[in-house]
Amino acid sequence: MFYDRFQDEKHQLNKLDFSDLEHDTLRILTKLDSNGQKIASEYYQNHFKEVMVDEYQDVNRVQEAILELVSKSDNRFMVGDVKQSIYGFRLADPSLFREKYEAYAEGKSGERIVLAENFRSRDEVLSFTNKVFQQIMNKELGQVEYDDVAALKTGNLSYSQDEDKSSEIILIEDIELDESKDDLDDAEGFEKVENEIHYVAQRIQEMIKTPFEVMNDKADAKRPVTYGDFAILSSTKSNNDKIESIFAAYGIPVNVQKAQSYFKRTEITTMVSLLKVIDNPLQDIPFVAVLRSGLVGLDEIALAHIRKSSKNTSYYEAVCHFVSNFELQEVDYYDSKQQLALKERLEGFLTLLNKWRDSANNESIAQLIWEIYMDTHYLEYVHGQSNGEQRAVNLHALYDHAHQYESSSFKGVRNFIRFIEALQKKEKDLDEAPIATESNAVQVMTIHASKGLEFPVVFLIDTNRKFNMQDLKASIMCSDEIGVGTNYFDLNTRITYPTVQAVATRNFEKKKLLSEEMRKLYVAMTRAREKLIIVGTLKNYESFKKKYAFLTNESSEILPYQARFKSGTFLNWMLLSAIREQYKITPEIVAKPDIVTKSQQYIHEISGKEVFQEDWHEYYSESDSPRELKSRVQQMLQTIQQDYHFEAESKTTSYQSVSELKRVLEDPIIEELSQNSLIEEGRRAIYLSPTLEQPRFMETATASVSGAQRGSALHLLMQKVDFTSEITLESLEQLLKVLVDSNEITPEVAAKVPVTQAYEFFQSTFGQWIVQNSHAIVREQAFSYVLEANEFFKSIQTDDLMMIHGIIDGYIELDDEIIVFDYKTDYVVDSTQGIQSIVRKYKEQLNIYADALAISCNKNVTRKVLCLLSINKNIDIDTLEVI
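Each residue of the sequence shown is one higher than the last, beginning at 319 in the working numbering.
I should point out that these hints are in silico values taken from the structure, not numbers from a laboratory. These numbers were taken from a predicted model, which means no experiment stands behind them. Worth double-checking, as some hints may not be accurate.
[Unchecked claim] DSS-like mimics (lysine-lysine), calculated; alpha carbons at most 30 Å apart, straight line:
{"id": "1", "residue 1": "Lys527", "residue 2": "Lys540"}
{"id": "2", "residue 1": "Lys471", "residue 2": "Lys457"}
{"id": "3", "residue 1": "Lys418", "residue 2": "Lys829"}
{"id": "4", "residue 1": "Lys830", "residue 2": "Lys865"}
{"id": "5", "residue 1": "Lys784", "residue 2": "Lys729"}
{"id": "6", "residue 1": "Lys560", "residue 2": "Lys536"}
{"id": "7", "residue 1": "Lys449", "residue 2": "Lys857"}
{"id": "8", "residue 1": "Lys449", "residue 2": "Lys367"}
[Claimed, not checked] Taking CB as the label site, the calculated pair distances span:
{"id": "9", "residue 1": "Lys560", "residue 2": "Lys791", "range": "34 to 42 Å"}
{"id": "10", "residue 1": "Asp718", "residue 2": "His341", "range": "50 to 58 Å"}
{"id": "11", "residue 1": "Val1089", "residue 2": "Asn378", "range": "26 to 34 Å"}
{"id": "12", "residue 1": "Thr554", "residue 2": "Lys673", "range": "41 to 49 Å"}
{"id": "13", "residue 1": "Val432", "residue 2": "Lys328", "range": "52 to 60 Å"}
{"id": "14", "residue 1": "Ile526", "residue 2": "Ala434", "range": "13 to 21 Å"}
{"id": "15", "residue 1": "Asp718", "residue 2": "Ser874", "range": "52 to 60 Å"}
Cβ atoms here follow ideal geometry from the backbone N, Cα and C, with glycine treated the same way.
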């Protein structure tokens, strides 16, 4: 149904997507005439003398159907290498190639011609690749039998045999590496790759200086290697920005295949901020960003000087006040000459801003952007900065993007800004605009982008990055061969269980995913002509080697299926092969400070053709004697039976909600806690609420609305109030209706929300003050704050730390102070004793909020206000003053 509606919509707009090109072609070729004949198919079969298909391993089922319809049984010529089928995300089906490869070998339906020789690479590259893939790739995992026919054979004999250009594996050992984590671009992952990038940069410098020699283009003489001879490959673009910045520090030119980070570039964020200011100059953050940028060029002292002149207004109003009341300004930060120059610069900017705002109402976005470039000479300015050509091209691309945007039905600066913000919110971005690449520069690209290319020297980095298995976590798995696998959801227990079909489907799809990753590794390793250097980070190679030492006793050439299936990274596959081949491993401490960080790191080199004959017993001795074994067992028992020094820490949680702590904090001299408050979970202590929120599946239409539900809904209403328009009882009731329509509040709960309490709050003195200072308000601010655990777990002696987390209802951040406030919907007796009781209940909770804000904002919290909505009183918790 969706597909039909989607197609109808595209037809009405006269649009096609890439998928339509294939499917419409197939539809035309299979259409029958009145005689039941496929006239289009017959026409092209007679029209083409021969149908030649390159990269056949990347063909999908739809493309195969088209090829069959335009060719005859004996005029198709297909070329490819199934070991290089790496476009599964485009639905490439390597089984199409394999079926014909096997059938044609037996003379069925066609002839198989094996192009066995590789004329690109040296024997060292090919033999190393063969040694790896003969052990890890077969039809079961890899979807290709890596036999003698499939193995690479050296065809280029012009390479000199009197030099050692052995392939290498460089291991950087990091004892603090957490190998249990998935590689999702976390901070630890970036640090790991950063060390590898430093190594590659230093190695390139060393090879340039030595110099390392490669064959010239005519393959008749050797020449010194240049930067343009190097390529750095990895599975993802996420490392590219880091490579670019580190190589710039080393003075090494690079051509980088850009990651999608266009809107993060300084020149683009500056222009987007300016467009926001043109749309609405009362936005402080973009306004100050523009003033601080090269467009205006103010420093922090100038910005502070302007703000001092008008503390309680928007920054735009502060600038206007500074300019219009210039004669009244104190000369403190600047002398009078500097102050006059600042005023003139601001006057010039305000004049241009007013001009651009007028233009925004009369011109297209693209014309406005170009006008800004011309008025400010911003193109010339960025061109003079580092990487200036790329920056200028990015600005030109912004003009083009604006022009393309307005070619649709959307118009206006505000809509264009919303479009950019929507992309950023969905974590989508655009590629940086391409520029002419430098010829003598290190090439940086993904493995996919390198397919079909070749380089004298190739570095393959980030090889211990775990394969992306996110697709296998879906609740519904689909497979062409097995079908649909779904989990079982028990309605009574609300627990999900994997079914046999789901497990089978998931395992089958994982095999396909790992097979493609294996073929990606093959593509990467065969890009090198003369030197292949693989770089990876491992926690401890000796431990890895001992874990898999049993593989040396395996008689089969191919590694055990489970060892290959569970490896999870390129590096593991290669190291498993290295263990089997008994490579010579030479640990060497890296003394270069750029690589050595907080952890001890090593480089292990795996190199040379002769290492295959190394004696394994050099690294593993014969079985230990009984006496040695007994001594080792006694040491292990002592370790197991010794007292654990951190037992107290293991009994406390490291993460605690501040709302659960408030009951403990009501009275700081409490020595004992109720049974409901301190829960022992195994060996872990944590404060929990004595009551839990009722699950949604237990709610009924007739169920009564609890006080907690009513309070939560009132909180949500307060947080959603729009300060830019007048707050009336009618506007609050309309907002509540919007929250019901958007399913944020149920109708039953909405009917019980005391809207009048919210209205009366905003009519109070403190409520009016919040509205007046809404430009400085921050609402629903999540925070985390580290404290000593024994402040709360009195009975447990520990020096451990505990992280407190919570959400602050709101605070106002002024020039030199912060006022924090918290809404409370509790029923309160309107008396001195009642107010003191509720303040005592929540005082320490607000104190934690205040401490966290003081540290994060580096300002004093001068007031902590408890907003008691049920009696419409706002209490300063330190003085008990009603404000």
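Taking the hints in turn, this is what the structure says about them:
With a C-alpha separation of about 16 Å, the suggested pairing of lysine 527 with lysine 540 holds against the 30 Å cut-off. Note on lysine 471 and lysine 457: the hinted pairing holds, with a Cα-Cα distance of about 20 Å set against a maximum of 30 Å. Between lysine 418 and lysine 829 the alpha-carbon distance is near 22 Å, which keeps this suggested pair within the 30 Å criterion. For the hint linking lysine 830 to lysine 865, the alpha-carbon distance of about 26 Å falls within 30 Å, and the restraint holds.
Between lysine 784 and lysine 729 the alpha-carbon distance is near 44 Å, which puts this suggested pair outside the 30 Å criterion. Taking the CA atoms of lysine 560 and lysine 536, the gap is about 35 Å. The hint is violated against a cut of 30 Å. This hinted pair checks out: lysine 449 and lysine 857 have alpha carbons roughly 24 Å apart, not beyond 30 Å. At roughly 42 Å between alpha-carbon atoms, lysine 449 and lysine 367 are farther apart than 30 Å, so this suggested pair is violated.
Between lysine 560 and lysine 791 the Cβ separation comes to about 27 Å, which falls outside the hinted range of 34 to 42 Å. In this structure the hint that aspartate 718 and histidine 341 lie 50 to 58 Å apart at CB is violated, the actual value being about 31 Å. Between valine 1089 and asparagine 378 the beta carbons are some 60 Å apart, a value that contradicts the proposed interval 26 to 34 Å. Distance hint check for threonine 554 and lysine 673: the Cβ-Cβ separation is about 44 Å, which falls inside the suggested range of 41 to 49 Å.
One distance hint, 52 to 60 Å for the beta-carbon pair valine 432 and lysine 328, is violated here, with the actual separation near 44 Å. One distance hint, 13 to 21 Å for the beta-carbon pair isoleucine 526 and alanine 434, is violated here, with the actual separation near 35 Å. Our hint of 52 to 60 Å for aspartate 718 and serine 874 holds, since their Cβ atoms are close to 58 Å apart.
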